[in-house]
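Fit chain B to the given chain A structure using the hints.
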Amino acid sequence: MRRIGNALLPLIGMVAGGCATAPPDELVREAAALLTSSCLNRLLSAHYQRSAQLGRVIFALSDDGRGNQACAYQIFDPNVVRGEGLLKIASYEQLELLALSKCEQIKPIGAPACRIFARDNEIIWNRSAKSTLD
Amino acid sequence: MKTVHSLLALWLACLSTGQALANEKACTSLKEFFQKKQTADEQLKTAFVELEGQIKADAKCAKNLLGRIYFEGVNAPRDHERAHAIFYDLADKGYPPAQFNLAFVLARKPNVEPEAILALLQGIVLNYTGTSEYGYLALKARDLGREYLQQASQATREKLTAPFETIVREATTSAAVKIRQATIERIQTENMIVGILTIGTYASMAASRAASRASAAAAAQTRFITIQPRFYSVYPAGGNFLYMIPHP
Numbered sequence: 239m240r241r242i243g244n245a246l247l248p249l250i251g252m253v254a255g256g257c258a259t260a261p262p263d264e265l266v267r268e269a270a271a272l273l274t275s276s277c278l279n280r281l282l283s284a285h286y287q288r289s290a291q292l293g294r295v296i297f298a299l300s301d302d303g304r305g306n307q308a309c310a311y312q313i314f315d316p317n318v319v320r321g322e323g324l325l326k327i328a329s330y331e332q333l334e335l336l337a338l339s340k341c342e343q344i345k346p347i348g349a350p351a352c353r354i355f356a357r358d359n360e361i362i363w364n365r366s367a368k369s370t371l372d
Numbered sequence: 024m025k026t027v028h029s030l031l032a033l034w035l036a037c038l039s040t041g042q043a044l045a046n047e048k049a050c051t052s053l054k055e056f057f058q059k060k061q062t063a064d065e066q067l068k069t070a071f072v073e074l075e076g077q078i079k080a081d082a083k084c085a086k087n088l089l090g091r092i093y094f095e096g097v098n099a100p101r102d103h104e105r106a107h108a109i110f111y112d113l114a115d116k117g118y119p120p121a122q123f124n125l126a127f128v129l130a131r132k133p134n135v136e137p138e139a140i141l142a143l144l145q146g147i148v149l150n151y152t153g154t155s156e157y158g159y160l161a162l163k164a165r166d167l168g169r170e171y172l173q174q175a176s177q178a179t180r181e182k183l184t185a186p187f188e189t190i191v192r193e194a195t196t197s198a199a200v201k202i203r204q205a206t207i208e209r210i211q212t213e214n215m216i217v218g219i220l221t222i223g224t225y226a227s228m229a230a231s232r233a234a235s236r237a238s239a240a241a242a243a244q245t246r247f248i249t250i251q252p253r254f255y256s257v258y259p260a261g262g263n264f265l266y267m268i269p270h271p
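In the order they appear, the protein sequences are chains A and B. For the first sequence, the residue numbers in this note's numbering are 239 to 372. For the second sequence, the residue numbers in this note's numbering are 24 to 271.
Isolated chain A, as found in the complex (with noise of 0.2 angstroms):
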């Protein structure tokens, strides 16, 4: 019995491990409806979902609508960026910046601004929020 509990643990392991990485069903589809193959890659990898599920990455994106995409995203890193506090858990506005300017810089010349297409696993590219007094 204890042999066969040794030798399932790795899979075990293995299953959790791709089971933490795995990407809710509702962000591929959102996602693939409106991101070409490459961008939507990036969003899908293991990378940015291991960092989704834990929170705090930001994912943008600049597209010209004629298929066109450049996207970059932020993972807090607190060797990129740190937040005040003790845990110096960097803000969603700070990864936003980082994410926006990662992905101006990669963006062909004269292509659309680059906006925040995801925070986490949350798609708000098309939901715009109408603007209010402060």
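To be clear, the hints were calculated from the coordinates, so they are not data collected in a lab. Beta carbons: idealized from backbone N, C-alpha and C, even for Gly. Among the hints, a few may not be true.
What the hints assert, rightly or not - Below, simulated EDC-like cross-link-like pairs (lysine to aspartate or glutamate); rule was C-alpha separation at most 20 angstroms, straight line: (1) 68(B) <-> 55(B); (2) 54(B) <-> 95(B); (3) 48(B) <-> 156(B); (4) 368(A) <-> 170(B); (5) 326(A) <-> 213(B); (6) 326(A) <-> 208(B); (7) 59(B) <-> 102(B); (8) 368(A) <-> 188(B); (9) 368(A) <-> 95(B).
To be verified - Every beta carbon over 10 angstroms from chain B, so not counted as near; a handful from chain A, in silico: (10) 274; (11) 275; (12) 364.
As the list claims (entries may be wrong) - What the simulated footprint calls covered on chain A by chain B, stretch by stretch (three residues with Cβ under 8 angstroms from a Cβ of chain B suffice, anywhere in the stretch; the number is not a length): (13) 317-325; (14) 331-343.
Below, chain B alone, put in the same frame as chain A:
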């Protein structure tokens, strides 16, 4: 004697900072209260009394909230001109949320030059992108600018979109560089503190940070440009008429 003076100054500084923080907290709870339509008259009256007290104490957040109350007209009669005048007055004094609100109000007024609105928004984007206190306002200003341009005429859109986006891009890039740089500096500082445990290094960094914050605030003051509200002169701030509490 000198030590007593400096201790007294420190105590007073702590006291005023504490007071400012308490005011800000009270203002935030009032903000939440006035966001919804209030039906209980007594509660509304009490909230207005509290707001009046804060305005008398010259709390900019409370004054800004009063402008919002007048603009939205949910818990008081709507008065766009007064709201405009309040935001103008506070924005002129360098209060960032009022600068944004002024742009918001101007964007909804007819016959306002788009250049004036975008200049105001660009100023907010340039001054506050990446700052810890008002970084969110820069993002709001960026979104408001895009929203405004989307609804503007085609000629305006063609003329002003590219310069606006260039400023947004530049501000974003420079803020990103600053964020990375600040992180590197913080890592270095932390390593230094752990290694040597010198208070002097930390104090000098705090001083330089305070100096740069002061110069940024000064720059924000000097860069402020916009158009005066048409009926500004009928709301003299001196006689406390501008910040008169409504009586719903």
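Is the nearest Cβ of chain B still more than 10 angstroms from the Cβ of residue 274(A)?
-> holds (22 angstroms)
Least C-beta distance from residue 364(A) to chain B larger than 10 angstroms | Its Cβ never comes within 10 angstroms of chain B, the nearest being 14 angstroms, so this holds.
Residue 68(B) paired with residue 55(B) [C-alpha distance capped at 20 angstroms] = holds (15 angstroms)
Satisfaction of hint between residue 213(B) and residue 326(A), Cα-Cα up to 20 angstroms = holds (12 angstroms)
Given the hint that residue 54(B) pairs with residue 95(B), test it: the Cα-Cα distance must not exceed 20 angstroms.
-> It holds: about 12 angstroms lies between the C-alpha atoms, which stays within 20 angstroms.
Counting residues of the stretch 331-343 of chain A with a beta carbon closer than 8 angstroms to any beta carbon of chain B, are there 3 or more?
-> holds (count 10)
Restraint status (C-alpha distance of residue 326(A) to residue 208(B) at most 20 angstroms) | Roughly 14 angstroms between the alpha carbons, so the hint for residue 326(A) and residue 208(B) holds.
Restraint status (C-alpha distance of residue 59(B) to residue 102(B) at most 20 angstroms) | The given pair, whose Cα atoms are some 18 angstroms apart, holds under the 20 angstroms limit.
For the stretch 317-325 of chain A, does the count of residues with a C-beta closer than 8 angstroms to a C-beta of chain B reach 3?
-> Check passed, 5 qualifying residues.
Is residue 48(B) close enough to residue 156(B), meaning Cα to Cα at most 20 angstroms?
-> Since the Cα atoms of residue 48(B) and residue 156(B) sit roughly 14 angstroms apart, the hinted pair holds (cutoff 20 angstroms).
Residue 368(A) and residue 170(B): Cα distance at most 20 angstroms?
-> holds (8 angstroms)
Mind checking the alpha carbons of residue 368(A) and residue 95(B) for me, to see if they're no more than 20 angstroms apart?
-> Distance of about 15 angstroms is within 20 angstroms: holds.
Checked against the numbered hints given earlier, the structure satisfies every one of them.
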